[in-house]
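Mind docking chain B on chain A? Use the hints.
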Amino acid sequence: MRRRSLLGWLASLAPWRAGAQSASFPGGQAKALRALAAAVLPSELGPRNLESTAVAFERWVREYRPGAEMEHGYGFTRLRWKAPSPAPVYMGQLQALRLTGDAEADRAAVEASLVAANVTALPRTPEGKHVAADLMAFYFRSSEANDLCYRAHIGRDLCRGLDGSEREPK
Amino acid sequence: MMRRYESDVCIIGGGITAAMLAQKLQELRPGISIVVVEAGNKFFDLNRRMEYRERSIRYAENPWPGDFIEDQAAGGVISRTMAVGGSALHWGGTCNRFSEEDLRLKSMYGLHVDWPIEWKELENFYCEGERRLGVSGEPSPLPEDWRSEPYPMPAMAMTYNLTQLKKWAEQSGIPFWSTPQAKNTRPYDGRAQCIRCNTCSICPTGARYSPDFTFQRMLAGKNFLLHDRTLVRKLVLNESKPTVAAAQAVHRDVPNDPIEYRAPVFVLASGYCWSPHLLLLSQCSRYPTGLANGSGLVGRYMCGHAFISAQIEIDAKIYPGMNEQHGLISRQFFRSRPGTPFIRHDLRVWESSAGHEPRLQSPEGKLLLGDSLLADWRERARRGTARVRGYYDVHPDRESSLTLDETSRNRWGDPLPKIAHRADAASEARQPFNRDHFRDLFQKLAQSGNGKILTTGAGNYWDHPAGGCRMGADPAESVCDSYGQTHDHENLFVAGSPTLPNAGCTNGTLTFVALTLRSAERIVQRFRKPA
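So the sequences go chain by chain: A and B. Each residue of the first sequence is one higher than the one before, counting from 1 in the numbering used here. Each residue of the second sequence is one higher than the one before, counting from 1 in the numbering used here.
Chain B on its own, in the form it takes in the complex:
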């Protein structure tokens, strides 16, 4: 028997984008009803997170048991997490902003595309996102990184290690400062102050923001439903017009009773993978290549950024474990200088124990036990290590794609997504220069502090992925407008990460949130203000 739910807004996906959107919509229009539909489980168990953390440390057990769906696996993703809270259940909380250059690649550098948004406008939503998530940070000293509001909380305390690392790294002439994070440096928004557990992927106190807190608060109020373990399999259109009429779903525990969600507004908030996937799955005779796909760009221009890392041994005493999840950032390289080869990247430094961990065998092959192991370890621990990483700009080709993989299906028979990233020709051509740039940069950092590069390595995937439903002013060149409203279906929106034309050169979550908060202001115009 078909179960049917009706609401004013149906949000598909239950991660950070859904949480921010639902929260803001209800604040702006307290009377509207919202249902959030999430395929994964919900974790409203803050009281058990200390126990999960312990098991994770002692046994390498999953600190979020059950945060995946075994037969809902996508090729080319970097996380299997499907749960209420999404990847922001276990994120590190890093809340960097993009810069104006990310939105103006075409007009400033003749590369890729411009976003149809003004930086000044987006900046306001960055501030709002920082307030909602609770970001602690230190303003960038660079004038181009101006902010219209201070951070909601003071920056995370600089540990002794970070002070040493900053001293070392700045000898190169590059300024570094504390990385902004959604972690409470004082009690904030009903959540506790960070107590430096050093396991931010499972924060046992709630000091690091995760969307479950927002959802729990909303569930305590009215007009809000959260349906977990419910997979939306298809969107269907009204017979007479190109608007979405319903989302067809199935509850994982009651597979024989289909569910239908009906609403005047649908929002896809399932992230860069599952949002375009659902659009592609929703093929019909009028839209044989999937909904919102008049441009043929659903699942195209999948983006992310490449990265290069190094472990650099330095002349400083570093005590591994003081606060490994907090690091330094420099935005010195966010702006490519005119007249020089294009390169944009952030630069990050963390404490590290690489090269200074206990080992069972000496380089000569001698087994080390007990006292000899400890003596060997102590000898190597006299110097410290810095972990250094740069996320750098690569721009996606049109063929950087998410497609339906007909050879891999879930238990319902739906083909699963497969992502294959591909850089555009200009990005490909820059690769040798990028590698040389980072080699020189790491050497400069190392040399300035009598350091020694232990290892370097380039990532074999694109981090902080996004795209698949890119925004744009031209319906032939984009899937949605800058508010996420799809060009083809006026009551269907895509929120957050899929709408990005390019993924910048630093963590994307705060940008996904800022764009979502901006979308909320457009979506809410469809509902009357309360009297």
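Okay, chain A solo, but in the shape it has when bound:
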């Protein structure tokens, strides 16, 4: 097989490979993902909520739809489509982080990795650049995190009815 043909053939496999990794995410990296969650999410969540956040993130990755139309709405006229599944990038990064479950050491490893990847801001939604930043965005941008920060039941992303909205959330 000529080199160009081989490369073309390999490229044609890429979406299939990404799709397969997306469907099976996190594959062999389940433990690493939980160690990452413990390192980058608030300890206030406790083991149960850390676990449920990791599970929700796994589901988010599995249900990701590459190529889906993105919001364009009022004032945003550029049409954009979702990038390929971030699963292969995440799997590679989780493996490379070599997290051990030692919170201190894991945090240092994550920080070094974020610095190396030049990630300095939380994305609006996970975008596939770095698994640690994306897991943090997934949680810290959520309605649940908003409630945790304000120590109140605001329920930003819920449908909550109008009654009681005049009262201070508790």
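By construction, these hints were calculated from the structure, which means they are not laboratory data. These numbers were taken from a predicted model, which means no experiment stands behind them. We put the CB at the ideal spot given by N, CA and C, even for glycine. A few of these clues could be false.
Unchecked claim - Covered stretches of chain B (chain A as the covering partner; in silico rule of three or more C-beta atoms under 8 angstroms from a C-beta of chain A):
hint : stretch
1    : 87 to 101
2    : 112 to 121
3    : 155 to 163
4    : 230 to 240
5    : 327 to 333
6    : 388 to 399
Said to hold, decoys possible - Calculated lysine-lysine pairs in the BS3-like style (CA-CA distance at most 30 angstroms, straight line):
hint : chain 1 : residue 1 : chain 2 : residue 2
7    : B       : K317      : B       : K444
8    : A       : K170      : B       : K166
9    : B       : K167      : A       : K170
10   : B       : K452      : A       : K170
11   : B       : K418      : A       : K129
12   : B       : K317      : A       : K170
13   : B       : K317      : B       : K241
14   : A       : K82       : B       : K42
15   : A       : K31       : B       : K366
16   : B       : K418      : A       : K82
Positioned in the frame of chain A, the structure of chain B alone reads:
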């Protein structure tokens, strides 16, 4: 093979203007047949909107998948949406009225033009529009903002956040009240009460009005057709007289079978961009610069309003996310005082999380993870933020234009429109004063509540655009009369936003609707009353 459809009224465009017009025409003359032709897709899928909403929140996916036509892109527009329902599929539902000053700029201030309509008459149609859309609101306390009817529904509940913001903002001496919106504060017109989903751009319950509800209801009746995915490419005239004979169209799925719509009355209801565009595309030997363009003003005086925003940190506990889509309004500055420099604007306040969002890095460059990120976030969340915005009057120059861009064509080879807004000389000259006015106003607001301005910014486009087929009494100075009837073709009307000579200083949709409802009463006179 050519397919041909005949109806009494052919409405081109399937947004809120078309919905209101078709509905009222059928009520007034139940026997007439109406066809609405829309280039985009239809979304009659209320049952799936909760799912779309979820995907939009979790993945930033388009909550209206397929609501655009990829090769039908106009330069200078602010929304790509082309679909049954138009921009009112994803609008915020804000239903502010203009004021009499918008219609009397020339006679009151010596600026721009007067509209050929009396305010008192238009006010009746505002009331009708509010009833049809289902507007919940609180009357303005200013006597100049009198209304002849109460709002159809009580105002949206003031959240705890808005109560705090009102308390803060009114310390400046400016009164604020609830912004009127086409959202149900009780079950209304067969649609549900708002349940505060906080995602009004995709309302999953139908509590916020969108035109698909009107169209679905009409489709269940008689004499009404809605052809989606059908692009009207040209209007053609009768050979012997200057009236429109047919609209030539193509279905996006059957491009080799042209379609022709024939009707005694044609109404362009395609908004500020695609209505003048179609007129310009419809050039012929008798009208070499396009139909209805005897004045040369089709695609001229494109209007909108400029805006300046600020994020102001205040001494109040604000809980972001209680109801971000509902805000406060003041119309205190709708009237420019005689003897002072001209300025007119609305003033809006919403809850905001600006400056209080989670961040990955401290200002010193330290990475924040887990507990340290949460602690940093909590510390900053102790104070609240108000998002403040003023939409202010700018009046269009004649050269504020929509033109055919010969370098950009759709798949059919038609040149696409290009919009370039341009303020008239008087508006340009006022810019420094406008900026100073808003700077002082934001400072006054901030100072009155121990606040701090975090950011300010001027919009780089004109919002709530309109114009391109402006109305007027003089055929040399306008495209159509106050009913949208074009001066050049007695059976061709333009409805809604394109007919506005200027775009006011607040959201325009309710005004587009009011003008459309008024046009309907003129159009319907062409058909006999039922016996």
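Hint check:
1. Counting residues of the stretch 87 to 101 of chain B whose CB falls under 8 angstroms from any CB of chain A gives 3; the rule of at least 3 is met.
2. Here's how the stretch 112 to 121 of chain B fares: 0 of its residues keep a CB closer than 8 angstroms to some CB of chain A, so the rule of at least three is not met and the hint is violated.
3. Check result for the stretch 155 to 163 of chain B against chain A: holds, 6 residues qualifying (beta carbon to beta carbon below 8 angstroms, three or more required).
4. Under a criterion of three residues with beta carbons nearer than 8 angstroms to beta carbons of chain A, the stated coverage of the stretch 230 to 240 of chain B fails, only 0 such residues being counted.
5. Counting residues of the stretch 327 to 333 of chain B whose beta carbon lies closer than 8 angstroms to any beta carbon of chain A gives 0, which falls below the threshold of three, so the coverage claim is violated.
6. Coverage of the stretch 388 to 399 of chain B by chain A is violated in this model, with 0 residues showing a Cβ closer than 8 angstroms to a Cβ of that chain against a need of three.
7. Straight-line distance between C-alpha atoms of K317 (chain B) and K444 (chain B) comes to about 20 angstroms, which keeps the hinted pair within the 30 angstroms bound.
8. Under the criterion of a C-alpha separation no larger than 30 angstroms, the hint pairing K170 (chain A) with K166 (chain B) is consistent with the structure, at around 21 angstroms.
9. A hinted pair counts as satisfied when its Cα atoms are at most 30 angstroms apart, and K167 (chain B) with K170 (chain A) qualifies at roughly 21 angstroms.
10. Proposed proximity of K452 (chain B) and K170 (chain A) is supported: the alpha carbons are some 27 angstroms apart, at most 30 angstroms.
11. For the hint linking K418 (chain B) to K129 (chain A), the alpha-carbon distance of about 36 angstroms lies beyond 30 angstroms, and the restraint is violated.
12. A distance of roughly 12 angstroms separates the Cα atoms of K317 (chain B) and K170 (chain A); the hinted pair therefore holds under the 30 angstroms criterion.
13. Simply put, K317 (chain B) and K241 (chain B) have alpha-carbon atoms about 68 angstroms apart, too far for the 30 angstroms limit, and the pair is violated.
14. Among the hinted pairs, K82 (chain A) with K42 (chain B) is consistent with the structure: their alpha-carbon atoms are about 23 angstroms apart, no more than 30 angstroms.
15. Distance check on the hinted pair: K31 (chain A) and K366 (chain B) sit about 27 angstroms apart at the alpha-carbon level, within 30 angstroms; holds.
16. A threshold of 30 angstroms between alpha carbons decides the hint, and for K418 (chain B) with K82 (chain A) the separation of about 28 angstroms falls inside it, so the pair holds.
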